[in-house]
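Here the protein sequences come in this chain order: W and R. Sequential numbering of the first sequence, starting at 150, is according to the working numbering. Sequential numbering of the second sequence, starting at 32, is according to the working numbering.
FYI, nobody ran anything at the bench for these hints, they're computed from the structure. Mixed in with the good hints there might be a few duds.
[Unchecked claim] Pairs of lysine-lysine residues, derived as DSS-like cross-links and limited to a Cα-Cα distance of at most 30 Å, are as follows: (1) Lys169(W) x Lys100(R); (2) Lys215(W) x Lys136(R); (3) Lys100(R) x Lys163(W); (4) Lys213(W) x Lys163(W); (5) Lys169(W) x Lys131(R); (6) Lys190(W) x Lys136(R); (7) Lys190(W) x Lys57(R); (8) Lys57(R) x Lys191(W); (9) Lys87(R) x Lys213(W); (10) Lys213(W) x Lys101(R); (11) Lys136(R) x Lys87(R); (12) Lys191(W) x Lys215(W); (13) Lys57(R) x Lys87(R); (14) Lys191(W) x Lys136(R); (15) Lys213(W) x Lys191(W); (16) Lys215(W) x Lys204(W); (17) Lys190(W) x Lys101(R); (18) Lys190(W) x Lys131(R); (19) Lys100(R) x Lys136(R); (20) Lys101(R) x Lys191(W); (21) Lys169(W) x Lys87(R); (22) Lys204(W) x Lys87(R); (23) Lys101(R) x Lys204(W); (24) Lys190(W) x Lys213(W); (25) Lys57(R) x Lys131(R); (26) Lys57(R) x Lys101(R); (27) Lys100(R) x Lys57(R); (28) Lys190(W) x Lys87(R); (29) Lys191(W) x Lys169(W); (30) Lys169(W) x Lys213(W); (31) Lys101(R) x Lys215(W); (32) Lys204(W) x Lys163(W); (33) Lys131(R) x Lys87(R); (34) Lys213(W) x Lys100(R); (35) Lys169(W) x Lys136(R); (36) Lys136(R) x Lys101(R); (37) Lys163(W) x Lys190(W); (38) Lys136(R) x Lys57(R).
All values derive from a computational prediction rather than experimental measurement.
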Amino acid sequence: GAVVSQHPSRVICKSGTSVKIECRSLDFQATTMFWYRQFPKKSLMLMATSNEGSKATYEQGVEKDKFLINHASLTLSTLTVTSAHPEDSSFYICSASISGRVDTQYFGPGTRLTVL
Amino acid sequence: SQQGEEDPQALSIQEGENATMNCSYKTSINNLQWYRQNSGRGLVHLILIRSNEREKHSGRLRVTLDTSKKSSSLLITASRAADTASYFCATDDSGGSNYKLTFGKGTLLTVNP
């Protein structure tokens, strides 16, 4: 149980295009979802926290107009990287929480974004 | 800034040996968790230890927590080649919203067959 999926698993796009990444909780309802970014051989950096039906809370230094997050249902959150540039290339990982407590956070398999 | 700092950054051992990784943090915490990540994959939760616990076991894993030193260790006994992965500690900052995890930089463990 507690499976989180991400789609796509990898995407290559041209500079200037927008890319949408989906994060789904497959067998539970996620009131809170988290989006992380990970550079090669580095740790995970929390980008934002999203609660179903409300605006996401972004971490300091993360551009909310650049990284649009929508959590429209209890099983789906999306991250849209707008006008992507090569520096946005990274590994994006989502996690989902049932009650908003960190000890129930389940991670997706990640999405590798490469911007040419 | 990173809450957790693991050491060593990289560890290479032979199959059958034990592997010990350490994590230090700076602020008070509610709990500390260890995760494993295979290259290019998502995170797998290994174990959670609460701030009022000192030691926890799960299979070949043993985690200790010393809140006075703000440090934790992860011991993997009788290592296997399949244990090769990056290992991260993550803290739930008790001074924060209790909703966020702060990850350390990770230890890359290589178990040679």
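* What are the numbers of the hints the structure violates, in ascending order? -> Those not satisfied are hints 1, 3, 9, 10, 21, 22, 23, 31 and 34.
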